[in-house]
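**Q** Chains as they are written, first to last, in this note's numbering: chain B, 109 to 461; chain L, 21 to 96.
FYI, nobody ran anything at the bench for these hints, they're computed from the structure. From the three backbone atoms N, C-alpha and C, an ideal C-beta is built for every residue, glycine too. Take the hints with a grain of salt, since some may be wrong.
Said to hold, decoys possible - Going by beta-carbon spacing under 8 Å, a handful of chain L positions derived as facing chain B:
1. S52
2. I57
3. D71
What the hints assert, rightly or not - Dumping the calculated EDC-like pairs for lysine to aspartate or glutamate here, alpha-carbon to alpha-carbon at most 20 Å:
4. B:K148 / L:E61
5. B:K338 / L:E61
6. B:K119 / B:D388
7. L:K23 / L:E37
8. B:K389 / L:D71
9. L:K64 / B:E384
10. B:K148 / L:D51
11. B:K148 / L:E31
12. L:K64 / B:E151
13. B:K150 / L:E61
14. B:K137 / L:D51
15. B:K150 / L:D63
16. L:K64 / B:D388
17. B:K389 / L:E61
18. B:K351 / L:D74
19. B:K150 / L:E31
20. B:K338 / B:E151
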Amino acid sequence: MDFIYQNISVKGLLVVLPKNERDFMDDMKMFDFPESRSLKLKEVMGYDKHRVVEEQTCVSDLAIHGLKHLFNNGSLDKDGFDSLIVVTQSPDYLIPGTSNVIQGELELRQDIFCMDITQGCAGYIVGLMQAFMLIQQSNVNRVVLINGDVLSRKVSIHDRNSYPLIGDAVSITVIENNDTQKVFANIKMDGRDRGALEIPAGGFRMPSNAKTSILEDIGDGNKRSKDNLKMDGSAVFNFVQSKVPNMIDDLLNFSNTNLNEIDYFLFHQPNRFMLEKLADKMDIPYEKMPNNIVENFGNSSGVTIPVAIAYNLSNNLLQQKHKVCLAGFGVGLTWASMIINLGDFDFCEIIDY
Amino acid sequence: MEKKILQLLLEIRPEGEFLQSDNFILDGLLDSFDIVILVAELDKLFGISIDGIDIIAENFQNLDTITNLIHSSTKS
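From just these sequences and the hints, can you work out the full model?
**A** Encoded structure:
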């Protein structure tokens, strides 16, 4: 499905990362895995350092820390936005929504539209799309989009295919309706393959209990329970390689844009190898596709896109605008992309929690 | 070419009895991480870029399928 949005302006971006940093090689020592193979994986996949929260930390903790930072330094007026969208797969509670938790804790005004969206690797783009739809309303002038996940808390520490690469992060994006640019986006989903990325237990279909917490052997010496995040790496890899290039082609055609007109391709970053294969397939120069988030911070699901923006382009985007292509792909399964002019930001930074 | 591929396989899995196997995957000689490492090494060694959609277990079953994959891959 294709979309066009008008009069959109992204005014700023803040990323909040947990201080706690883990090292891939240290993590791999927990497994019966030869050091030489770990070093090869580090080189090919880009696994190195990753940031994870402490045991009790939730998305709202990082989000509130970030919003207070913006309120205190004058980047955002506490009463100056009309909607608060939270995109996460790791909500504080089943009920109420994390957006209401944040609203309550910060004593935001009542005349504000709080909304939670459950989305994963395409979550940043889905959140932007929802924000852009809201901003078309005449009485909605500013939207705050929070995209965050603390999925390390749901990954089995005995699963070497997942734990050493998972990352936690929260991003805060401010969107306004005072520009004349057109934004182009597309999104597709296929729920038949949803099992490739899932946490089987913990919802109403399979409530968590003593049985769902039992570690099961999943091959290659890895163990996880039904309470843990399951990532079928091979299935996801094949899905990404088969869907994403066509999706980008379709978006370029729909927006009447030449690939060379795009300054940066800012894609979700599951690992370095997957993005390099996408870049090769689409003839995108590596320098136009920043691919250093997994090695520095881990895979924080859809938040890898705003982390990539803030980490690689912050100074640049404070001063000028760039035409960028965003793409997210994963949980759902969902694949989405967007062509947008980003820049002239009021703020763009990364802080620690 | 097969000799070079075998050498790479043994660098990744020194204990693997690849010459005694018709199916490296079913026999547990290669897992998904090994395949990724192998693709990166093959790309480098033969100056090719194996297409992402071809990185599926069927193409890494034995020396013949890997050789065919290299022949069908584009030069980088």
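**Q** If a hint holds in the structure, say so; if it doesn't, say that too.
**A** Hints, verified against the model:
Because the closest C-beta pair between S52 (chain L) and chain B is about 5 Å apart, less than 8 Å, the hint holds. For I57 (chain L), the interface hint holds, the least distance from its beta-carbon to any beta-carbon of chain B being 5 Å, beneath 8 Å. Here the hint on D71 (chain L) is kept, as its CB sits about 6 Å from the closest CB of chain B, short of 8 Å. Among the hinted pairs, K148 (chain B) with E61 (chain L) is consistent with the structure: their alpha-carbon atoms are about 10 Å apart, no more than 20 Å.
For the proposed pair K338 (chain B) and E61 (chain L), the alpha carbon gap of about 28 Å is over 20 Å, so the pair is violated. Simply put, K119 (chain B) and D388 (chain B) have alpha-carbon atoms about 32 Å apart, too far for the 20 Å limit, and the pair is violated. About 14 Å separates the Cα atoms of K23 (chain L) and E37 (chain L), which keeps this hinted pair within 20 Å; it holds. Simply put, K389 (chain B) and D71 (chain L) have alpha-carbon atoms about 7 Å apart, close enough for the 20 Å limit, and the pair holds.
For the proposed pair K64 (chain L) and E384 (chain B), the alpha carbon gap of about 13 Å is at most 20 Å, so the pair holds. Distance restraint check for K148 (chain B) and D51 (chain L): the Cα-Cα separation of roughly 14 Å lies within the 20 Å cut-off, and the hinted pair is therefore satisfied. Between K148 (chain B) and E31 (chain L), the direct Cα distance comes to roughly 11 Å. Compliance with the 20 Å bound is thereby established for this hinted pair. For the suggested pair K64 (chain L) and E151 (chain B), the alpha carbons sit about 13 Å apart, so the restraint of at most 20 Å is met.
For a cut-off of 20 Å, the pair hint linking K150 (chain B) to E61 (chain L) stands: about 14 Å separates their Cα positions. A hinted pair counts as satisfied when its Cα atoms are at most 20 Å apart, and K137 (chain B) with D51 (chain L) qualifies at roughly 19 Å. For the given pair, K150 (chain B) sits about 17 Å from D63 (chain L) by alpha-carbon distance, which is consistent with the 20 Å threshold. Between K64 (chain L) and D388 (chain B), the direct Cα distance comes to roughly 13 Å. Compliance with the 20 Å bound is thereby established for this hinted pair.
The suggested pairing of K389 (chain B) with E61 (chain L) holds, with an alpha-carbon distance near 18 Å, which does not exceed 20 Å. In summary, the hint linking K351 (chain B) to D74 (chain L) is supported, as the alpha carbons are separated by about 13 Å, within the 20 Å threshold. Proximity of K150 (chain B) to E31 (chain L) is assessed by CA-CA distance (about 16 Å); at most 20 Å being required, the pair is judged to hold. The suggested pairing of K338 (chain B) with E151 (chain B) is violated, with an alpha-carbon distance near 24 Å, which exceeds 20 Å.
In terms of the numbered hints stated before, the structure departs from hints 5, 6, 20, listed from lowest to highest.
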